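Participant: The whole structure should be built from the sequences, with the hints applied where relevant.
Now for the letters of each chain:
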Amino acid sequence: MVSDNVLFCTELIGLRVYDTRGRRLGRVKDAALVPIINPARVDRFLVGGGWTWLTVRFDQVRSISLDGIYLRDEKLTPYHSDEYMLRIVRDLLDQQIIDALGRKVVRVTDVTFQIKPMEGHTQLDVLEVDIGMRSIFRRLAQGVIPPSWVRKIQKPIGPNSIGWEYCNIVEPDPQRRLRLNISNVALEKMHPADLADIVEELGPDDREAIIETIDPEVAADALSEMDVDIQASILESLETERAAEIIEEMSPDEAAHVLAELEEETSSEILEELTEESKSEVSELFEHRDHTAGAMMTTEYVSLPENATVQDAIEVLRQDEEMLEVLNTVFLVDAEEAPVAAVPLAKLFIAPGSHPLKDLAPDTLLRVTVTESENRVTDIFDKYNLLTLAVVDADRKLVGVITADDVISVLKQK
Amino acid sequence: MLKRLKYHIAVFFSVIGPGFITAVVDNDAGGIFTYSQAGAKYGYLPLWTLLPITLLLIVTQEMCSRMGAVTGKGLSDLIREEFGLRTTFFVMALLLLANLTNVMANFAGIASSLGLFTVSKYISVPLAAAAVWFLILKTDYQRIEKIFLFACSLYICYIVSGILVKPDWKEAAIYSVRPVLMLDSGYITMLIAMVGTSVAPWMQFFLQAAVVEKGITAKGYAESRIEVIVGCIVMSVIAFFIIVSCAGAIWSNGPRDIVDAADAAEALKPFGQYAFLLFCAGLLNASVFAACILPLSTAYTVCEGLGFESGVNRRFNEAPVFYWLITLLIVIGGGVVLLPNFPLVQMILLSQVINGMLLPLVLIFMTILVNKQYLMKEWTNSRVYNFVAWTAVAVMIGLTVGLVGISLQDLLRSK
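Going down the list, the sequences are from chains R and U. Numbering-wise, my numbering comes out as the position in the first sequence, counting from 1, plus 8. Numbering-wise, my numbering comes out as the position in the second sequence, counting from 1, plus 741.
Keep in mind that the hints were calculated from the coordinates and are not lab data. As the structure is a prediction and not an experimental result, all values here were calculated from the model. There could be a bad hint or two in this list.
Stated by the list, open to error - Taking lysine-lysine pairs in the DSS-like style, the calculated list, with each CA pair at most 27 Å apart, reads:
#, chain 1, residue 1, chain 2, residue 2
1, R, Lys112, U, Lys879
2, R, Lys355, R, Lys391
3, U, Lys862, U, Lys960
4, U, Lys879, R, Lys420
5, R, Lys405, R, Lys355
6, U, Lys1113, R, Lys37
7, R, Lys37, R, Lys160
8, R, Lys163, R, Lys112
9, U, Lys1010, U, Lys911
10, R, Lys420, U, Lys907
11, U, Lys907, U, Lys782
Unchecked claim - Sample of chain R residues with no beta-carbon within 12 Å of chain U, all distances over it, derived:
#, residue
12, Arg65
13, Thr117
14, Ser143
15, Asn189
16, Glu345
What the hints assert, rightly or not - Just so you have them, the derived chain U footprint on chain R, three or more residues with Cβ under 8 Å:
#, segment
17, 144–150
18, 200–212
19, 235–248
Just so it is clear, CB atoms sit at the ideal spot from N, CA and C, and this is done for glycine as well.
Facilitator: What follows is the structure, encoded as structure tokens:
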């Protein structure tokens, strides 16, 4: 498993450095990447000898092995802290990173490098980040047992590593994120529920950093999956504009839900930033009392006049493709906007285009008023095996829809 | 006005949990024994120590819960990040050992309290172990916390049994505020033991992790601070009643040493069946309570510090180390109590030695961490608070080292 062309960070640190004539200069103290130039290559070796640390550039190294680092050039410069550097020991070891492939937060115990002979020089590339028993053993044995023994003894312990390309560093400072070229592409590709789990596991600063920098749509989806207290604490820590941007992307019921948890001042500030449309949607929902149908429902639904045809329905659906992902019912309303029928989406597939929608709907239409209790709503869903339920206001107008996932959330909270 | 008061009470109860539970569970089988012993042998004299103990406890607990609220990270996480893996490993290994012996002591508490009702330990211990295992692994934290809070309320047993014994309240009141020092080696040992058992390393880890788990943030911290303080006071009130009931029941009839906490319960029998029953029920409750919290908290702490997956919401194959730790702590901790001739007393002394070695480390790490600007921002200790904190830490360390010395002496003598 462990071959000769790899080197562990535990082995690199303390490795002796020799100049061209074989004189010892000192020992390796740390290694730094400059991710903006190359995301994996060790760009500088920091060598401690006398009073200061010296910097060895990657192309000044002739060979690297367990016996030491031999240089081919002696023009070394003193080390200055550089904001573009990601230092392995200082910034990576023992810190938390996100494993984008395994979708979890892990703590770095050791780092595995690949020794790469190039033309004229030898460089180290970060290969994997090590977690688990094997790397813990290496850390404990480091400097106590000779490295070659460590390699032999560790063999029976199963390795546990994450490829460097899947490692996402968590950096709360936005300036430094830019300098270190940390991107969130991998996080944005995750399922929102997985991302939510990861963010919940981090401390408040790191949470904020991630939600602040990822795409607002992804942030909104992930936030919707989190505990409402955590949603609130994250949103309160963000800039008002950014929070509004995210709220804008959330479904109105989720948005109203979290806004209700925020402090009044913050939530009214955020409301001010929203576009007129979302503002009216959200503030409408905002009015409803907790644990009522009004608080459960969303105002995103599709309704058509009662004499509409299948063709009309398809036309309307084409205009809002995003909604199709979650939609399963189309509602028909009369001239007073009162719901008259609910057409299951699947029926549209088998009916000819000219067919009136009303004929596709079941005979009875169930509805509740906004003030109906949460418990009553879940009972209705259970009894009639519903996927959606229309919600009407005091004037019997259709104002929202409750879907099965809203019911699941309510049940889960009990 | 009334409405605002109601609001504050509601907020308080919504954050009540971590700080309160941690302080109260501090009175586990070992703690109850120590306080019973103090009351039985020296009557009302040692009561004055409860006041400084409460203060020390508040200072140390407050720093932990503040760190949890501000950083959102557990203490073992922070130690790992700031002091490296080797230190963390050392601390975790000691913690594991100390907590294992603590678990043993509490299963022994279960055995002896049920033993008073002539339940064989071969029945009570395996049943309790199985119950503890299921409770921890098959329930989510929110429900566990409710059960724990209920267990906290059962500590009222001690208050009632203390009243039933009809101790000398005037004496008790006077000696609560009048420090009495005697140059009697037994007395000094007693005082050190009382302080030494009051702050245990595991509590710091458990409290901080529970604060994080509960999602308390820096903003909501003010209520948590009150909760920590109330918890510490409740803990001392319970200790007070344990001491006075033993003082009233045993010391007033002739001071003597007691063998274990069940021995103290036995001595309460002349004061009516209820005093005895309540004292036993209190001991049983405290032991079961601690036997639940210790394995859970240990597994969380160790896994967090060393970077293994943890949490009861993960499945066994996702977090094997976590589940194995819990299971082994319960099986070994309960199992040894059933072994004939197992040197339990020595193990408990050993646990005090290990705890005593660990506590200085943990307290020093804590105080360093809580002063790191980049971790705590504006929430670092103020200068005055730092003075108090370091003094408290120094006092705790001094007394704990004293306890280590005494325990080592006993350990060697008992061999």
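Participant: Hint compliance check: list the failing hint numbers for this structure, sorted ascending.
Facilitator: As far as the earlier hints go, 3, 10, 13 and 14 are violated by this structure, in ascending order.
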